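Here is how the chains run, residue by residue.
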Amino acid sequence: MFGDYSLTDLSAIFAMQGFAGLILFSVYLLMALGLAIIFGQMGVINMAHGEFMILGAYVTYLCSTFFQAHLPGLFTAYFFVAMALAFLASGALGMLVEWSLIRHLYKRPLDTLLATWGLSLILQQTYRSVFGAREVGVELPSWLIGSVQVTDMIEVPINGIFVMAVTMLITVGVAFLMYRSRFGAQVRAVVQNRPMAGAVGIDTEKVDRYTFGLGCGIAGIAGSAFTMIGSTGPTSGQLYIVDTFLIVVFGGAASLLGTIASAFSISQTQSTLEFFLSGSTAKVITLLAVVGILMLRPQGLFTLKVRR
Amino acid sequence: MDSPKMPTSSASSSVHDNPFMKPMEWVSLAILAAVILFVLPMVLDAFRLNLVGKYLTYAFVALGLVICWGFGGILSLGQGCFFGLGGYCMAMYLKLEASSVENTKIQSTPGIPDFMDWNQITELPWFWKPFHSLPFTILAIIVLPAFFAFVIGTAMFRRRVGGTYFAIITQAIAAILTILIVGQQGYTGGINGITDLRTLNGWDIRTDSAHNILYFVNGGLLIACILFAQYVKKSKLGRILVAMRDKEDRVRFSGYQVASFKTFAFCLAAVFAAIGGAMFTLQVGFMSPSFVGIVPSIEMVIYAAVGGRLSLFGAVWGTLLVNGAKTSFSESFPELWLFGLGALFIAVVLAFPNGLAGIYRTYVEPRLTRKVKVLAPAEAGPLPHGTPAE
Amino acid sequence: MNAAMLHSPIIGESPDAPKFLLAVESLTVSFDGFKAVNDVSFYVDPNEIRVIIGPNGAGKTTVLDLICGRTKASAGSIKYKGTELTKLSESAIVQAGVGRKFQTPSIYDDLTVFENLEISFPRGRSVFGALTFKRDGEVRDRIEEVANMIFLKDQLTERAEFLSHGQKQWLEIGMLLIQDPELLMLDEPVAGMSVGERIKTAELLNQIIVGRSVLVIEHDMKFVEDIAHRVTVLHQGKVLSEGSMERVKNDPKVVEVYLGH
Chain U
50 MFGDYSLTDL
60 SAIFAMQGFA
70 GLILFSVYLL
80 MALGLAIIFG
90 QMGVINMAHG
100 EFMILGAYVT
110 YLCSTFFQAH
120 LPGLFTAYFF
130 VAMALAFLAS
140 GALGMLVEWS
150 LIRHLYKRPL
160 DTLLATWGLS
170 LILQQTYRSV
180 FGAREVGVEL
190 PSWLIGSVQV
200 TDMIEVPING
210 IFVMAVTMLI
220 TVGVAFLMYR
230 SRFGAQVRAV
240 VQNRPMAGAV
250 GIDTEKVDRY
260 TFGLGCGIAG
270 IAGSAFTMIG
280 STGPTSGQLY
290 IVDTFLIVVF
300 GGAASLLGTI
310 ASAFSISQTQ
320 STLEFFLSGS
330 TAKVITLLAV
340 VGILMLRPQG
350 LFTLKVRR
Chain X
733 MDSPKMPTSS
743 ASSSVHDNPF
753 MKPMEWVSLA
763 ILAAVILFVL
773 PMVLDAFRLN
783 LVGKYLTYAF
793 VALGLVICWG
803 FGGILSLGQG
813 CFFGLGGYCM
823 AMYLKLEASS
833 VENTKIQSTP
843 GIPDFMDWNQ
853 ITELPWFWKP
863 FHSLPFTILA
873 IIVLPAFFAF
883 VIGTAMFRRR
893 VGGTYFAIIT
903 QAIAAILTIL
913 IVGQQGYTGG
923 INGITDLRTL
933 NGWDIRTDSA
943 HNILYFVNGG
953 LLIACILFAQ
963 YVKKSKLGRI
973 LVAMRDKEDR
983 VRFSGYQVAS
993 FKTFAFCLAA
1003 VFAAIGGAMF
1013 TLQVGFMSPS
1023 FVGIVPSIEM
1033 VIYAAVGGRL
1043 SLFGAVWGTL
1053 LVNGAKTSFS
1063 ESFPELWLFG
1073 LGALFIAVVL
1083 AFPNGLAGIY
1093 RTYVEPRLTR
1103 KVKVLAPAEA
1113 GPLPHGTPAE
Chain Z
202 MNAAMLHSPI
212 IGESPDAPKF
222 LLAVESLTVS
232 FDGFKAVNDV
242 SFYVDPNEIR
252 VIIGPNGAGK
262 TTVLDLICGR
272 TKASAGSIKY
282 KGTELTKLSE
292 SAIVQAGVGR
302 KFQTPSIYDD
312 LTVFENLEIS
322 FPRGRSVFGA
332 LTFKRDGEVR
342 DRIEEVANMI
352 FLKDQLTERA
362 EFLSHGQKQW
372 LEIGMLLIQD
382 PELLMLDEPV
392 AGMSVGERIK
402 TAELLNQIIV
412 GRSVLVIEHD
422 MKFVEDIAHR
432 VTVLHQGKVL
442 SEGSMERVKN
452 DPKVVEVYLG
462 H
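Residue numbers (our numbering), protein chains in the order written: chain U, 50 to 357; chain X, 733 to 1122; chain Z, 202 to 462.
Keep in mind that a hint or two might mislead.
[What the hints assert, rightly or not] Only pairs whose alpha carbons sit at most 30 Å apart, straight line, appear in this in silico DSBU-like list of lysine-lysine: (1) Lys423/Z / Lys354/Z; (2) Lys439/Z / Lys423/Z; (3) Lys236/Z / Lys280/Z; (4) Lys861/X / Lys332/U; (5) Lys979/X / Lys288/Z; (6) Lys979/X / Lys273/Z; (7) Lys156/U / Lys966/X.
These are calculated hints, taken from the structure and not from any lab test. Remember, predicted model here, so these are calculated numbers, not experimental data.
Please build the complete structure, drawing on both the sequences and the hints.
Spelled out as structure tokens, the structure:
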């Protein structure tokens, strides 16, 4: 299969394919980060995670239209406003959902799964009623359009670089928040020993609510970044939910580093395979490999051995 | 061995008897059988009856979920896989019969299914060949899903994977199978599925009378499956499943291989789903990946949840009710259906974790038993209405 | 360590004729570098009642977990009647004759007392066996016999969920009893019981330990003194002292870490 290409061609192909993989990695990681917090830290299966993401995408779409119509002068910077709003909107919805639904079900994870699936159906239909069934795309500001010529054969799109930069920033932010801040310490305390955390004066219910909200808010940012490279429809979120859960589980649910490593390996495998095989076959092989490994090593890639 | 009878033994044995069904359960079965086999065929026209027949094929899946999820606490979100496996096995047989050389002589390669011809495939793939035989097909409908469930179950339960992880993995498997079927359209018919099915061993399945007969076969098979499920429920195995859901370690340290019992429950659910899938293909006349993936798989869970995840009869009622509602909603307010379905998921989890059966037990049964007791003072023990599985 | 010196010479010489019912040797398990059990050895004779005591975190429950296969050992061996247990599955260990009661009452809330006991009845433990299991006279009689012993004969048709805490503990002991194990391991059998229940439980234990070896974890010193033949003191994953209650009580090391305060 390599016969038709020269060495320089091949290296360029791998570089381009690797870069495509990096964009996929960014998207996966952004989606998985929010889920890693909600599922990994709280043990809640949020099947509506994709819909929180899509909410962020729609918020970005609204911002783009609003700035175009009313503040064309500031259009170049609208994206930053959109991201902040996406975070707030998804985060607020997340906290509302936690308060009204999730908190009643903490002891019944499988029921949470069903309830959040119901929520996802409702959100999907809401999006469809409000924004229509057709996919929408955002207008990119001019500085995000085009690509950077690295060599005469390799060029990388600017919006892709931008998405990667956003991903890196948010990942670092989440790592800082979870492992270096007081809030992160509280979240981990609540996860490890709820009654004890309550006894030392942590408002566990509040921590739950903010943790869930944070995870959903990050999903919102992911959705916002997502609009840079693809269009958004009411059911776009559902397409990614399985991949996202697999990434988090594959990485070892409670490990941020694991989530990053697993998002990286899955995205690179998939994008490399995609070059040689059809898209669907590449996806099938990647997912099968992940499921196969998880069957042999269900605890994921990075976990500690503890007394059960 | 002639054991010395203790004086208390004979008196209490009636209490500890383990009858196959309690009187009320016989009544429930009789009502269900009467509705499926007599009432519905009498009041519905041919089109509607065929529709109910389609719903009944989903009830097989819900029935399996009651065993596996309700009793065993193992939630599989991949039951669509097994429904699909059964359905595709049947569809492959029917398709081959419909693709005789004579029927397909206009194709560039006559004698193979039309979609293969469209995809420039010139020879029947090896895995299609055995499906020329009806006995093989019937065997495959049972054995293939059981085998897959056995492999998945053994791999996962041996390693103590349960609960949410199992749900996620089975969901991923459903997604993989869908992508595979859609992607390999030359071998599977792709997104459209396998369509244009005509005869079963020469018997035309497209006529109204065929639909009618299939409906009764369907209902009969379903009742047979309910009886088998009831046998499992009443056996010690049924109680071990419930015990495992509660305190897995205790069961393990009572000398049981927990993994084998879970695998059995999962395999049984898979086989039920596959029988449903095969009957679906016959009743509806096609099979497509839209019955395999994540969305249908989770939707089938809600049938069992609405009926009451611990009730075998409830599963059937739940399936009929949700699908009836879906059809009438989709006809009149298509926009509202997803809202309704979503709300149903949330309501059944938050407010009615034991579904219709729970409502029946809390509100209807106490009054009924009071009346029954007046007529005949029969002993009606408390039915298990356990806490929802974790 | 003195404990090992007391008993070790015979084991290892002739594995065909084990003198001890249970021989634990150099048992070690580490969780992520932390050695919860570190080079522990002790030996239990047939018909002996051995009590394991020690402060919180000493590794007592972990030792029981290791014996019954719930936790896999990092090193060392556990020989039960000459059979190595560390390589067996949990269910195989139970079928070999080791029974285990958990710290918190571990019973099936959704089932009746009768059904709880029935599940522990040592027959029909395979999938097929469970499907074809018959509730015959032998099963009924045995269950009623055990129910009588554990003071629950009037509660047989009650759902276990509705039992009192003490009754739940008894039910679990009854579930073990019906298995008829040769080695019975009890993790804090009187914890959380009222004084009355405690006396009844001691009476019950004294009744059921006849003809078997028992390994008990207990904090209640009065209770320990009543039942123990010998006592093993664990501290920070190691055997600190071993011998009769009298001896252990006067061991200065033990006094320092445990009994002193």
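Outcome of the hint check:
Under the criterion of a C-alpha separation no larger than 30 Å, the hint pairing Lys423/Z with Lys354/Z is consistent with the structure, at around 29 Å. Using a Cα cut-off of 30 Å, the hinted pair Lys439/Z and Lys423/Z holds, with the two alpha carbons roughly 24 Å apart. Of the pairs offered as hints, the one joining Lys236/Z and Lys280/Z holds, with about 21 Å between alpha carbons and a cut-off of 30 Å not exceeded. A hinted pair counts as satisfied when its Cα atoms are at most 30 Å apart, and Lys861/X with Lys332/U qualifies at roughly 28 Å.
Restraint check for Lys979/X and Lys288/Z: satisfied, since their Cα atoms lie roughly 24 Å apart, inside the 30 Å limit. For the proposed pair Lys979/X and Lys273/Z, the alpha carbon gap of about 20 Å is at most 30 Å, so the pair holds. Proximity of Lys156/U to Lys966/X is assessed by CA-CA distance (about 28 Å); at most 30 Å being required, the pair is judged to hold.
Taken one by one, the earlier hints all hold for this structure without exception.
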